[in-house]
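Undergrad: Start from chain A and add chain B according to the hints.
Number of protein chains: 2
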Amino acid sequence: MIFTVTILGSNSAIPTTRRNPSAQLVNHNERFYLIDCAEGTQIQLRKFKIKIQRISHIFISHLHGDHFFGLIGLISSMHLLGRTRELHIYGPAQLEEILQVQLKASLTELNYPMIFHPLNPGINEVIFDESNLAISTIPLDHRIPTCGFLFKEKPGKRKLIREKIKELNIPTEKLLGIKNGDDFVNDAGEEFPNDAITNDPSVPRSYAYCSDTGYNENIIPIIKEADVLYHEATFMNDMVEVARNKFHSTTIDAATIAKKAQVKKLVIGHFSTRYESYEPLLEEARTVFPETDAAFDGKVIHIENE
Amino acid sequence: MIFTVTILGSNSAIPTTRRNPSAQLVNHNERFYLIDCAEGTQIQLRKFKIKIQRISHIFISHLHGDHFFGLIGLISSMHLLGRTRELHIYGPAQLEEILQVQLKASLTELNYPMIFHPLNPGINEVIFDESNLAISTIPLDHRIPTCGFLFKEKPGKRKLIREKIKELNIPTEKLLGIKNGDDFVNDAGEEFPNDAITNDPSVPRSYAYCSDTGYNENIIPIIKEADVLYHEATFMNDMVEVARNKFHSTTIDAATIAKKAQVKKLVIGHFSTRYESYEPLLEEARTVFPETDAAFDGKVIHIENE
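Which chain is which? The protein sequence lines are A and B, in order. Just add 34 to wherever you are in the first sequence, counting from 1, and you've got the numbering used here. Just add 34 to wherever you are in the second sequence, counting from 1, and you've got the numbering used here.
In isolation and in its complexed conformation, chain A is listed as follows (with noise of 0.2 Å):
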């Protein structure tokens, strides 16, 4: 089942002609799941061959402009292209205020409809729920009310050896049942424990995004053991006061949140412009956490079991 995040905006702060503010794609088995939507979103979006029309939730992690000024454009693109698709968006309440003055000043009235789910940033709760995935808001320590998202899979069903299956004649109707852990009896009495049938199940897989933040030691929990951490690195170590004060994090924040959570994976990323190149900070982060990757516009990350 696929799992992938594509980086749309590595940035903080400002688009530079090098690298977009705020944006990823997540695919998660064919559906596709918007984070944060800075400005030029969509022409990033364009640019790597993504259908917008297959977005079918947005969520919105706070409201400085790097991380939503492009939702609007995207949303009303979606209507001139013709969308009749449902569109979710999650994001805090003021966003859908936000939303509807604009779209009122220019008399549109949405082809599609556009559900606005009201987030609670400041609470880790689970916002979307659905059968192979769950989506939970993971409370950050901004200057405004601020969440991540961890994207978590569900516990599969075990998998039906086929050849076990064939040969033992199993019968369609026994095999919900089977995966779901039943043993086997066939006609003649004879029993077939689970496991002679079934292997085990996938691994669930997460992904967790968390940007804008200081350093916060309270996500550790949420993100245990997570396969794919995103942690925003705005700022090099020689600048922790710089971050501190900003409520951003360094390269070394970032790293030693990953570390101590035990992800499996951390990509840094919402770089201050004033880095040309991502190199030294992904040198500086591998210091603490070596299993550390650097975002780029266009990078895109497989979320993968071991």
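Treat the hints with caution; some may be incorrect.
For chains that are exact copies, the list does not tell them apart, and a pair is met inside one copy or across any two.
To be verified - Keeping only pairs whose Cα atoms sit at most 30 Å apart, straight-line, the calculated BS3-like set for lysine-lysine is: (1) Lys280 <-> Lys85; (2) Lys280 <-> Lys138; (3) Lys81 <-> Lys333.
These are computed hints drawn from the structure, not numbers from a lab.
TA: Chain B alone, transformed into the frame defined by chain A:
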């Protein structure tokens, strides 16, 4: 005196990878005026190496997203990059609320004074009046209240003929009067008529921006004999019915207005996304008005005296 227009976006409705939606930068005498500000305009400004802090006045024609969704981002970037100099914004009254609700949500107090001037798009009036330039509104015929903008130089003073001034040893304190048309009398009582010591001032130039609008002859007296008319041509002539329904213009509409208004040059733009290239649109417009050019992102139009 420099007078140029840089096209920052030539597409209608939505951004594409080859054309951004509407925005233009007018440079008049090294003062910078932005007309419209679609999403991505600040990125276009960077791309074309225009310093955003030099922009002093912004004019928004109407509240369709492809003309203003980039404004809040530009305003924020000006703030984040340390602007202290005032910024004047002219647009429909609702625009102020749209900006304020977004600044409030991010708890942003701008470092610089933002002075909002609500427009009355239904009438032709002077909205900016300084020593060498006046800007007035052009009421347009669109689905929501919309106006274009006419940039018109004021008649300059007479130009001193340096050699004559030197030869006749004319004292400095007389020069302003001579520029204003005074004759000169020397100590010996000899009289020199003004046209012997000055040349005619430059002919005042004008630029008219008309987007978005259906075919509308009411604008002809306002834009009469403009040096350059930018007029939208969203569609080719075979789509004239669609154009009428959407209150947009065709190539033939734009060219007909240009011809009837006896402008010196027409530039068409705001092209529908359906057109890969502007060539067929340009060709069609030239059948009616040969002095037509097509807008493209990055094009610089020089407004010149004959």
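Undergrad: Now look at each hint and say whether the structure bears it out.
TA: Consistency of the hints with the structure:
1. Taking the closest pair of Cα atoms, Lys280 and Lys85 come within 30 Å of each other only across two copies (26 Å); inside a single copy the shortest separation is 35 Å, beyond that limit.
2. Taking CA atoms no more than 30 Å apart as the test, Lys280 paired with Lys138 passes between copies only; the shortest distance there is 18 Å, against 34 Å inside one copy.
3. In this assembly of identical chains, Lys81 and Lys333 lie within 30 Å of each other by CA distance both inside one copy and across copies; the values are 12 Å within and 22 Å between.
The earlier numbered hints are all upheld by this structure, with none contradicted.
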